Amino acid sequence: MVLKAFFPTCCVSADSGLLVGRWVPEQSSAVVLAVLHFPFIPIQVKQLLAQVRQASQVGVAVLGTWCHCRQEPEESLGRFLESLGAVFPHEPWLRLCRERRGTFWSCEATRRQAPTAPGAPGEDQVMLIFYDQRQVLLSQLHLPTVLSDRQAGATTASTGGLAAVFDTVARSEVLFRSDRFDEGPVRLSHWQSEGVEASILAELAKRASGPICLLLASLLSLVSAVSACRVFKLWPLSFLGSKLSTCEQLRHRLEQLTLICSTRKAENPAQLMRKANTVASVLLDVALGLMLLSWLHGRSRIGHLADALVPVADHVAEELQHLLQWLMGAPAGLKMNRALDQVLGRFFLYHIHLWISYIHLMSPFVEHILWHVGLSACLGLTVALSLLSDIIALLTFHIYCFYVYGARLYCLKIHGLSSLWRLFRGKKWNVLRQRVDSCSYDLDQLFIGTLLFTILLFLLPTTALYYLVFTLLRLLVVAVQGLIHLLVDLINSLPLYSLGLRLCRPYRLAAGVKFRVLQHEAGRPLRLLMQINPLPYSRVVHTYRLPSCGCHPKHSWGALCRKLFFGELIYPWRQRGDKQD
Amino acid sequence: MEDERSFSDICGGRLALQRRYYSPSCREFCLSCPRLSLRSLTAVTCTVWLVAYGLFTLCENSMILSAAIFITLLGLLGYLHFVKIDQETLLIIDSLGIQMTSSYASGKESTTFIEMGKVKDIVINEAIYMQKVIYYLCILLKDPVEPHGISQVVPVFQSAKPRLDCLIEVYRSCQEILAHQKATSTSP
Chain A
1 MVLKAFFPTC
11 CVSADSGLLV
21 GRWVPEQSSA
31 VVLAVLHFPF
41 IPIQVKQLLA
51 QVRQASQVGV
61 AVLGTWCHCR
71 QEPEESLGRF
81 LESLGAVFPH
91 EPWLRLCRER
101 RGTFWSCEAT
111 RRQAPTAPGA
121 PGEDQVMLIF
131 YDQRQVLLSQ
141 LHLPTVLSDR
151 QAGATTASTG
161 GLAAVFDTVA
171 RSEVLFRSDR
181 FDEGPVRLSH
191 WQSEGVEASI
201 LAELAKRASG
211 PICLLLASLL
221 SLVSAVSACR
231 VFKLWPLSFL
241 GSKLSTCEQL
251 RHRLEQLTLI
261 CSTRKAENPA
271 QLMRKANTVA
281 SVLLDVALGL
291 MLLSWLHGRS
301 RIGHLADALV
311 PVADHVAEEL
321 QHLLQWLMGA
331 PAGLKMNRAL
341 DQVLGRFFLY
351 HIHLWISYIH
361 LMSPFVEHIL
371 WHVGLSACLG
381 LTVALSLLSD
391 IIALLTFHIY
401 CFYVYGARLY
411 CLKIHGLSSL
421 WRLFRGKKWN
431 VLRQRVDSCS
441 YDLDQLFIGT
451 LLFTILLFLL
461 PTTALYYLVF
471 TLLRLLVVAV
481 QGLIHLLVDL
491 INSLPLYSLG
501 LRLCRPYRLA
511 AGVKFRVLQH
521 EAGRPLRLLM
531 QINPLPYSRV
541 VHTYRLPSCG
551 CHPKHSWGAL
561 CRKLFFGELI
571 YPWRQRGDKQ
581 D
Chain B
1 MEDERSFSDI
11 CGGRLALQRR
21 YYSPSCREFC
31 LSCPRLSLRS
41 LTAVTCTVWL
51 VAYGLFTLCE
61 NSMILSAAIF
71 ITLLGLLGYL
81 HFVKIDQETL
91 LIIDSLGIQM
101 TSSYASGKES
111 TTFIEMGKVK
121 DIVINEAIYM
131 QKVIYYLCIL
141 LKDPVEPHGI
151 SQVVPVFQSA
161 KPRLDCLIEV
171 YRSCQEILAH
181 QKATSTSP
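Protein chains in written order, with full-length UniProt numbering: chain A, 1 to 581; chain B, 1 to 188.
Calculated directly from the structure, the hints in this document are not laboratory data.
Bear in mind the structure is a predicted one, so any value in this text is a computation, not a measurement.
Beta carbons are placed, not taken as given, at the ideal position from N, Cα and C, and that holds for glycine.
Take the hints with a grain of salt, since some may be wrong.
Listed next, with one range per pair, are the computed distances between beta-carbon atoms [as the list claims (entries may be wrong)]: (1) B:Ala67 to A:Arg562: 39 to 45 angstroms; (2) B:Ala43 to A:Gln325: 55 to 61 angstroms; (3) A:Leu290 to B:Val145: 50 to 56 angstroms; (4) B:Ala43 to A:Val310: 54 to 60 angstroms; (5) A:Pro506 to B:Pro147: 41 to 47 angstroms; (6) A:Arg171 to B:Pro147: 29 to 35 angstroms; (7) A:Ser556 to B:Ser110: 42 to 48 angstroms; (8) A:Ala170 to B:Ala43: 52 to 58 angstroms; (9) B:Gly12 to A:Leu283: 53 to 59 angstroms; (10) A:Phe181 to B:Ala183: 46 to 52 angstroms.
No farther apart than 20 angstroms at their CA atoms in a straight line, the calculated lysine to any residue pairs in the SDA-like style are these [as the list claims (entries may be wrong)]: (11) A:Lys514 to B:Gly107; (12) B:Lys142 to A:Gly161; (13) A:Lys46 to A:Gly85; (14) B:Lys108 to A:Val517; (15) A:Lys514 to B:Val145; (16) A:Lys514 to B:Ile69; (17) B:Lys108 to A:Ala511; (18) A:Lys514 to B:Gly117; (19) A:Lys275 to A:Leu216; (20) B:Lys108 to A:Val12; (21) B:Lys182 to A:Val343; (22) B:Lys182 to A:Glu26; (23) A:Lys514 to B:Asn61; (24) B:Lys120 to A:Arg505; (25) B:Lys108 to A:Gly85.
Whole structure, please, built from the sequences with the hints as guidance.
Encoded structure:
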């Protein structure tokens, strides 16, 4: 196999010295981590390498020599470099040499032992691959998901290939801690040798985060203790708490904040990203909420809103009345059963009358309520949107009631019709065996049954029309609430930190690598530049999306249509009990 | 060593294949697709603007004209950045892997690299495409679970769609490198 030498781009202009790195025999590749300069004492070099090996669990060793001839090539240096091969035994021994002011390199790899296969050359062909050490160190390789589905035991696949190079560089961080200003026994050249990278802000933030996290964690534990107390488990409050989406959203936010403020360090990069994404999401939410708050409270918009709310509710009630009057007449030219029509129409009209009186009773308090509700926006835009969704649900409660009445009536009618249809044909539903069996009825049973069947059949169009109209209204309200929930879900689950990282520091999230062939001359070894191939945005969102409340409709379209046809009540959102992460 | 030859794709358009032999273990094939023709661009723009002008005479709303200009510009930019591929490159490096790059007309490049350990073979497959039977070159990937199975088929030169003669050239070169790689990897 061709021998691959991974050489860091920061060491291209370094002085002559020894190559320190790791040899991966399965891929026949040598990963060079640093260059050790002359003068050095071999014992100290071996001690340093043993220390690094113990601290990082990476098999670091001296791989060969690096020769950068700035002046005239010296003969003594050449012989000196050859003798080093005896001091630091390594198979194979690399000799990289860069000419004075030349862009072309020469590489040789020799094996001291005689090759076992006859005819194989004593010297291997070498391919040079340059890599940016800082980028490879900081980046995180995301293997394609196909691989992770298939295997549980084939772990060698994941550490094979280029993942081994990334792994080696990432784990050898302890080697890069010394720079050229340190007074150590050996002088190394690597990406941090010009000075260790650090940021004052990051250090201050790290120091400050400890006590702040403790304070916030104690506050949050107090809040969760209050919310878990016995009062809230009693029937009216627990029922409300499970139905209102605001409580759901507040609970979700509380969980997220507890996660952020916990004093345990993140164990792996995925948890760290999750914490960072949660922080970014909470900050965006609060910022948008404060913007909404300032917009609402400026120029007395709340007053305008409150003044407009009661007339709008009145208008909606009036439109419903017109609709019912239309249904009580001859809607769309259909002929309804007069008596049933009048009964149902009057019943619903009385309901609307009650609703209008209720709204008028509430109208002096609307402005105060809205003002206090507007304050909740400082907890976040998602809370304000959930409150809006709950207010819409409360204001259209009469539509919900009408839908339930219409649906129950229609459902009863359909069940009655199907059972009497079976009687008409001489059959019966066997509850024990859950199937339709034949049954011999008496004459009077058949007579009454057929009579009732006819009555129900001829009253069906009226009930069906009322059911249709109110179901459509209810679906409209559900659609509006669904849109609001979709927006809340989007803000909750979008991984902003990961997207920002992909935009500003694309090398941190790597989907793979890409190679570019550098200037090539015949007879010289092949030189390639390895660059990081960043993760596409769709995969970033898919990998790092935060778990949301899980309020998605659980029916498929077919099941929904079936439920609508049979008059079963539809609940578009999952209840608290079957939430899934 | 570099040479260039002219081939044609399945629709009859002209393709240019550039071959570069860097070393016995590294070869690059670069297929250049036909450029965006001025004739089709003018035709599409004129159609869109005629339709917009027709709607304008019906509705008397000048927003339609500015919307048409906006849509044309955005559509052209989107087409150049996301759809129109100028060049497709296949770089095969012995014992490292195979890299496929597509460069779009706006300069964007999208690269995929497959490691040599995952490559089972490179073959030419037949496919039924609308009313034609076409040949395409594809890379077969190994299945980690089953040693003789294939987990994925990755087609190469998907937007250039060259004909069989071009594919045979590329296939022969790739097979030389794969054979060399298999021979050296089985030896200890």
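Hint by hint, here is what the structure shows:
1. B:Ala67 to A:Arg562: 39 to 45 angstroms: At 43 angstroms between Cβs, range holds.
2. B:Ala43 to A:Gln325: 55 to 61 angstroms: holds (57 angstroms)
3. A:Leu290 to B:Val145: 50 to 56 angstroms: holds (53 angstroms)
4. B:Ala43 to A:Val310: 54 to 60 angstroms: holds (58 angstroms)
5. A:Pro506 to B:Pro147: 41 to 47 angstroms: About 37 angstroms separates the Cβ atoms of proline 506 (chain A) and proline 147 (chain B), which means 41 to 47 angstroms is violated.
6. A:Arg171 to B:Pro147: 29 to 35 angstroms: Given range 29 to 35 angstroms: holds, Cβ gap about 31 angstroms.
7. A:Ser556 to B:Ser110: 42 to 48 angstroms: Since serine 556 (chain A) and serine 110 (chain B) have Cβ atoms about 35 angstroms apart, the given range 42 to 48 angstroms is violated.
8. A:Ala170 to B:Ala43: 52 to 58 angstroms: Given range 52 to 58 angstroms: holds, Cβ gap about 54 angstroms.
9. B:Gly12 to A:Leu283: 53 to 59 angstroms: holds (57 angstroms)
10. A:Phe181 to B:Ala183: 46 to 52 angstroms: At 51 angstroms between Cβs, range holds.
11. A:Lys514 to B:Gly107: With a Cα-Cα distance of about 17 angstroms, the restraint between lysine 514 (chain A) and glycine 107 (chain B) holds, given a limit of 20 angstroms.
12. B:Lys142 to A:Gly161: With a Cα-Cα distance of about 14 angstroms, the restraint between lysine 142 (chain B) and glycine 161 (chain A) holds, given a limit of 20 angstroms.
13. A:Lys46 to A:Gly85: holds (14 angstroms)
14. B:Lys108 to A:Val517: With a Cα-Cα distance of about 19 angstroms, the restraint between lysine 108 (chain B) and valine 517 (chain A) holds, given a limit of 20 angstroms.
15. A:Lys514 to B:Val145: Not satisfied, since the Cα-Cα distance of roughly 27 angstroms exceeds 20 angstroms.
16. A:Lys514 to B:Ile69: violated (39 angstroms)
17. B:Lys108 to A:Ala511: Distance of about 17 angstroms is within 20 angstroms: holds.
18. A:Lys514 to B:Gly117: This hinted pair holds, its Cα atoms lying about 16 angstroms apart.
19. A:Lys275 to A:Leu216: holds (15 angstroms)
20. B:Lys108 to A:Val12: violated (29 angstroms)
21. B:Lys182 to A:Val343: violated (87 angstroms)
22. B:Lys182 to A:Glu26: Between lysine 182 (chain B) and glutamate 26 (chain A) the Cα gap is close to 14 angstroms, so the pair holds against 20 angstroms.
23. A:Lys514 to B:Asn61: violated (51 angstroms)
24. B:Lys120 to A:Arg505: It is violated: about 35 angstroms lies between the C-alpha atoms, which goes past 20 angstroms.
25. B:Lys108 to A:Gly85: violated (47 angstroms)
Violation of the numbered hints given earlier is confined to hints 5, 7, 15, 16, 20, 21, 23, 24 and 25; the remaining hints are satisfied by the structure.
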